[in-house]
Amino acid sequence: MLLTTLLLLPGAGALFLALLPGSRRSAVAATALIFSGLAFLCSLLLLAGFEQGTADMQFVQKIRWFDVAEFHVSYHVGIDGISLFLILLTTLLVPLVALSSLRVAQIRGYMICLLTLEVGMLGVFMAMDLVLFYLFWEVMLIPMYFLIGVWGGSQRIYAAVKFFLYTMVGSLLMLAAIITLYYANGAESFDFLQILARLEEGAIQLSPLKEQLLFWAFFLAFAIKVPLFPFHTWLPDAHVEAPTGGSVILAGVLLKMGTYGLLRFCLPLFPAASLQYATPICVLAVVGIIYGALVAMVQPDVKKLVAYSSVSHLGFVVLGIFMFNVEAMEGATLQMINHGISTGALFLLVGMIYERRHTRLIEDFGGLAHSMPHFSLLFMVITLSSIGLPGLNGFVGEFLVLQGTFLERPVFAAFAATGMILSAVYMLWMYQRVFFGEAKNPANRELSDLTATEIGVLIPLAILALWIGMQSSTFLRPMDSSIEKVVQRVQQVRDSQPVRVDNRGN
Amino acid sequence: MVPTTHYLILGAILFVIGALGVVVKRNMITMFMCVELMLNAVNLTFLAFSRMLGQVDGQIFVFFVMTVAAAEAAVGLSLIVVLSRRRKSLDVDQVDQMKW
Amino acid sequence: MELLTFYCFAVLAVASGLVVVLQRRAVYSALALIVCFGSMAILFFQLGAQFIGAIQIIVYAGAIMVLFLFVVMLLDPQTELFGRNQLKGLTAVGIPLALLFFIVLASRIEQTVPGQPGSTGVSLVGNTKQIAQLLFKDYLLPFELTSILILIAVIGAVVLAKRPE
Amino acid sequence: MEINTLVLLPEIVLSVTGILLMVAASVLGVGDQRKLAWPALAALLAGALVVLLQWGQSPRLGFFGLVFQDNFALFAKLLLLLATASVVVISKHYLEQHGSNFGEYFALLLFATVGMCLMAASADLIMTFLGIEVLSISTYVLAGFRAADKPAEAAWKYFILGAFSTGFLLYGIAFVYGSTGSTQYLRVAEAISSHGVSALLLLGMALMLVGFGFKAALAPFHIWTPDVYEGAPVPITAHLAVASKAAAFVALLRLLQQVLPDLGVQWQAVLWIVAVVTMALGNIAALSQFNIKRMLAYSSIAHAGYLLVGLTAHNGPGRGAVLFYLASYAFMTIGAFAVVQLLGQQEERYLSLNDYSGLARRHPFLAGTLSVFLVSMAGIPTTAGFMGKLYLFAAAIKSEFYWLVVLALLASGVGVYYYLRVIVYMYMREAQAEMPSVGLPLPARLTILLMVAGTFWLGLFPARVLHLASEAQFF
Amino acid sequence: MLEYYWTVLLFPSLGAAINGLWGRRLSSAWIGGIGCLTVLSSFLVTLLTFLEMRGLQGEEAVAEISLFTWIQAGRFSSDFALLVDPLSLVMMLIVTGVGFLIHVYSVGYMAGEGGFYRYFSYLNLFILMMSILVLANNYLLMFVGWEGVGLCSFLLIGYYFERKSAGDAAKKAFIVNRIGDVGYALGIFLIFKTFGSIQYSEVFAQASEWPVQSGGVLFAICTLLFIGAVGKSAQIPLYVWLPDAMEGPTPVSALIHAATMVTAGVYMVARSAALYSRAPEALTLVAVVGLVTAALAALIAVAQSDIKRVLAYSTVSQLGYMFLAVGVGAFGAGIFHLMTHAFFKALLFLGSGSVILATHHQQDMFKMGGLKKYLPRTYWTMLIATGAISGVPLLSGFFSKDEILWQAYSSPHGSLAFWLVGTLVAGLTAFYMFRLIFLTFHGEERLEAEHHHEEGHRSAHAANHSDGSHGGGQPREPASVVTLPLMILAFFSVVAGYIGLPAWSGMSNRLEHYLHTSFRFAAEVEAAHHSHAEEIGLMLVTIAIAALAIGVAYRLYVREPEAPSRLAARFRGVYELLRGKFFVDELYEATLIRPVRRLSRSFLWKFFDVGIVDGAVNGVAALMSRFSNGLRLMQSGYARSYAAWIFAGATLLFLYFFLGGA
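Residue numbers (my numbering), protein chains in the order written: chain B, 164 to 669; chain Z, 182 to 281; chain E, 270 to 434; chain P, 4 to 478; chain X, 23 to 684.
Keep in mind the hints are simulated off the structure, nothing from the lab.
Every clue listed holds true.
Derived DSS-like pairs (lysine-lysine); straight-line CA-CA distance at most 30 Å:
| no. | chain 1 | residue 1 | chain 2 | residue 2 |
| --- | --- | --- | --- | --- |
| 1 | X | Lys628 | X | Lys186 |
| 2 | Z | Lys269 | Z | Lys280 |
| 3 | E | Lys431 | P | Lys153 |
| 4 | E | Lys431 | Z | Lys269 |
| 5 | Z | Lys269 | E | Lys357 |
| 6 | X | Lys628 | B | Lys603 |
| 7 | B | Lys648 | B | Lys373 |
| 8 | E | Lys357 | P | Lys153 |
| 9 | X | Lys186 | X | Lys389 |
| 10 | Z | Lys280 | E | Lys431 |
| 11 | P | Lys38 | E | Lys431 |
| 12 | P | Lys153 | P | Lys38 |
| 13 | P | Lys153 | Z | Lys280 |
| 14 | X | Lys186 | B | Lys603 |
| 15 | X | Lys215 | B | Lys648 |
| 16 | P | Lys153 | Z | Lys269 |
| 17 | E | Lys357 | Z | Lys280 |
| 18 | B | Lys648 | B | Lys225 |
Based on the provided sequences and hints, a complete structural model is requested.
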């Protein structure tokens, strides 16, 4: 019930907002904050009640959705260690975004989109029925589309449409794959856990070709969402044009849905295919890491820079996932959260400065450290978290991914590690150009520092960054069992393969 | 007796002539007449089959086809009247306001 | 004899059909069509469908075609000549298309239909009564439906034509 | 063989009402004519009620084996009746704006519905043919009902091409008759299964496909659709897009799967291609359309393609899915046309996408609801369009038409673009010119809301309708 | 005291937090007080612990304090735990001791600077990070400190962020360090892969059972780790950041870029003695890199005119020495030199800071001269330090450097060539250091009275201005808060050498002995036997060369001040090469940075990303739109053509059924 409540809260908020007159801005804002805040509190209850040490789904609720003739779809939700923190991240980011967006035009529509988006995102992370999953997966495109298209920048329409089409088309094949799995399951149920269990015990047999095709169908959807190089070009446009809140959610949560999908669905459902194609996928991931960083380095626009940096960061996550060992996968999962925090915060920061200066071009800035000390301090902390400074969150994830990768494929790890250098290069170079130097432009000299609200938005993220950096166990322990289960699933298949093709990158 | 095939082939020839006529004729009325020709070809076919099968069902069908043809003719011709009044022409190629 | 009759009227039908298509003036086309229908009526008789043959002449060639002629005369000015045909290509496409269509059709017909008519269990001569029985019993529904159909046609013609343009 | 008059009770009700309407129209004054919408509506709803009462009865034949009464037919009839009912409601406003002959209009609409119902229930090729003709001739007239250039042109094109394709249909029927010795569905099917497939039969099927393809707007027989949809009065366009197409599909489905199941291999192969071409063509061609009616016309072609996927599957779920999708499609399409109709205003002036710029500001209600319909057409979850596609594609996958489904999905991906574009215009662009404000009569508003509700109902809680559809999937 | 030793981390973190978060509202006295006291506390805790553990031997001298589990995933685990052993204690004494002095010095030096609180916050943070680096009980935790000090270095170099050069230098320092860090990180990965743990005790215990092996995984590990050291300790080829780092405030240069942070690499290699001693090629690599760096940096230093840059290159050079030491397996000697170097180099920097303060931020030595009489305390303390670094007998540097040279010669990993180059570098060192002294303090006064620095420091500041002597232009000795640390450091620069007396002196090398516990896992090597006479002989040679160098410096820069420019003119090429620092920066810029940037911008971004990938995406869209426009043409508007389509469709169906399909 808790999960359903969590799912309904933002939905109820959106409905309630729809009934409010749009002219009463403060009431609208308050409503949005209250409902998203309640959702956050609700998700804290999840954390409190979460039982570690089991890979089973928790807080499960399963009711028949419709069960007619050929079709058996259930409303089946549940979470485990993998989704727990992603849900928390979502519920945390949404109120923060709402708080940071109090000054947008047409606030009612904005908040409705935001809350609807939250429903979609939460749904994706908790759905245990494939149709339900697909439903949430697609439905959250709509509010995001509106967020970008209505409240975005000058190229917003192009970006919104591109975002929508890119990701939608990518996931279409997944639908075909889901249906195929359903029939492979004897047309009995779309239930993910049931299908998984049957695959594990061999009650469902997929021919290798079928498994591979299904794998790619799922993979493509997720890879585009991640986005894995070379499917990433929707991202810079979407990020740059989206309003601050949109960018934050996009980077903070939406991208994670791709990697979550890989971890939750691709690997357990199609372990043999995952193993078989791990090498090319890892190559793409590593290329993405380096490529994203190099391209980020030369971006003139801060947002675009951060967008490309996401490509790089998410490359680490994908790399970690396809290492099939606990270290790398836990690192990858943690890195999802990390990226959500640090990139989310970066976009918030960029949004704050954009609100003041109405530009995001690096060359328009300079010397901000003088006029905005708090801003530059927080920006520095987040920058450091983003480049993986030990002691902050980014490091733990990145390190575990690399360590795990090194155990399996040292060469990949070595190449991926250059991402660490490059991330320092582009982030610090940007930081230096924005904050250091003389404030040549008088507009930069008179900027006001952050307001209390803005600081209030950022502080939780900064604290989290430090917390994860120092006490990663808080976040790693709950996911242990779930990750181990995935690893076991893949390893079993690997061990059972008669001839193991040694295609490692060593 | 004349083999059924003969009738059928004749029907086919007439049908094709009618169909071709619809494609190549520019006068709306003639175009429509070509459709009537097609229908007649069909009727011939029906009757040929009807004889071949020794049934009258085919004839019944033809009866209905004729009725329908009559109804179509009424509506079609009034449409032609309407259109030619508007376009001041019977050239079917002039009726191309909506395209692409 | 039968065959000769068949060929005579078949040729006539095809020829007048061709005239319908080839003739530029709608009036001549209409007249040719009447000839075509008439000759087909003969063939209908030959096929034992006297009733149908009769309506073919009375209703089709008679009433419907007269309607056509009427409209042609109403609308088709003597000097009706259209502008340049912009769709010559259509003719060029249409003829091969028609040939192709015909070839396939004819070849299938040739191959599959037995050359001679099958055993005729029902007498094909003087079967009007049979038709009537079928029409008012088994095919009562379609028959009733045609009444609606004609009603529709009437309303349609009225609605379309009566309003001020 | 019994006559079983009750089998056709809904049709009888409609026919009688149609005749009465005309009588009433000649009696009533101009001011009272508009009220004729209500009896028409009542007749349609009464027909729907009858259909509901007939639901679940054991399948039987009526009128000496000419019509079926089975759940399949009943589902289709229900759908057709309700769709026409909503068309009646939106027509009322339209006619008030354009001041036309109410009596004849509604009578023709009812007659058309009779034709469609007979197509759905037909058990004999003669009935099918006559049903199609009753529908066609009514709609030829209706398409040209508004006195203007475009409707006249639309009606003409529809008519001449319709008649042309009828020729093919009839020719096809002739061959089927010739090769099987009967026009009755069950006898034909029996003859085929006992005597096997002849080339003549194939000829017949091919030619009939042309005729049905025309009605159902399958490529390349869809060619009339854009022009006719663009020119016809908006409610009639909705009717053509939804009801007429549904009837054609239902009839085609019955023909192929009940009469010609033994030719499955052949028609599946060809429909596979036709489906792909139709979907691709509809969706791609719609990309460059800026007249909303025309765009929706192409969109409806694409939807015909999706339906064909379910048909090609040739299995029970496929039939259920086609029925379900038709229902979903009815909700979203009628809803969309209802909005388009309101926005089109007098003489259908405002139909260009540019006229939709900034609509969200001017008419949030219309913009919002139209968005829902478009999103549903795009097949985004929580809407009827998604559920419908899910079932269609599932049915196809059940028959292992994987690539067909993949192509269908890709085509629907292309389609998303132009649906979104309308939303772009409505929400993300500023209005370019002053537009007269639009009146929102209550019936139209209710219809739209009903369609929105239906779109979400089928998208979120499809169980009820799905259940009906699955009961209807057996002949 | 040991159980409370974790407080050594607590104090500086508190200081950093208080100053960082609330420093804006505190007076500068409070800020400075907090900054100094926290470090002093750390120092005292360390000192007490050191005294407490001094007598312990063997395993008893090693203690681990586990604070909490930091990262644990799968097989991988890293605690946040401190390793207290002689090596870390010695390092901690240096870090906190010298750190404290520099904090005190900073109170004077930085007085009046904007962002005073920021400065002390960073400085405390640095002490914290350095402590973590030193005290970590595993490689990963060391990496925390390792990168942490890099961060502090970045922040402090960029302290004068308004100056573009400072920002550039800060960024460069961090990034170059990162390059090394990646090597280090890979080293950690390999260690974990090899030993299944990254904890020193575990790794070393396992490694101690390995034979000394040529090549192999140990070589790889050591090389990777050494890459990290090369970055951190500014060795070839990653030394380029250190000279630029002089953009930071002078005390920072003293603390971070001379005394402590840059020596982390040496510490790390020494810490990993157990690994390095079993990988002879790695040792050789370390030694060679160290030696070449020492020589090269010394050569560059000869031609520099900026006082801090000379010191910077000197630091690079001296670090090379330390690597030479550890590279020949003389880990103790390396640490010994690390310690003495910490004292005298910190002193040199602080002294130069004092000079810079007194001359209103003049850093060009050729614009100084004759400052001896104005800054006597600074002069004498700096002279001591210079003596120490130059190897003047009986000063601390003499002993440590001599130990290194002797080991370079005598160790089984060493050779005569090592010694020879090392000795020549020692001579060079003596030369450029005395050149510095002579140019700065001797000769005629070349100070421009009206010199006012323009850039950087924003306001009237610094201790010597407080008494209102600003307008005078006469350099004056800074306040005692500045000079006191100088004197303390001078004291240690003199005496620190006596804890590591050479063997021939007959007294025990107490440092060596003390540190032995920390190196107990290192492979024992059979040392070739050398006589004391040999050692003394070599030492005398060194002394002679140093003396000669000092003499030459005296002659060139005091007696014949015009001679250097003559020489420079004659050996123009060489001079320019040295002055231009071998143009390594330019080389990197031209071969690496610019090509990569250009590649990224014009190829990857503009061409590949926007052109190819996005172009493909948009191309599909454009293609669709073109298709669409094509398909529109099908809809010609002519009913006849529509009929033709239908006819064609029918024909196609026929053809399909009768030719293709059935």
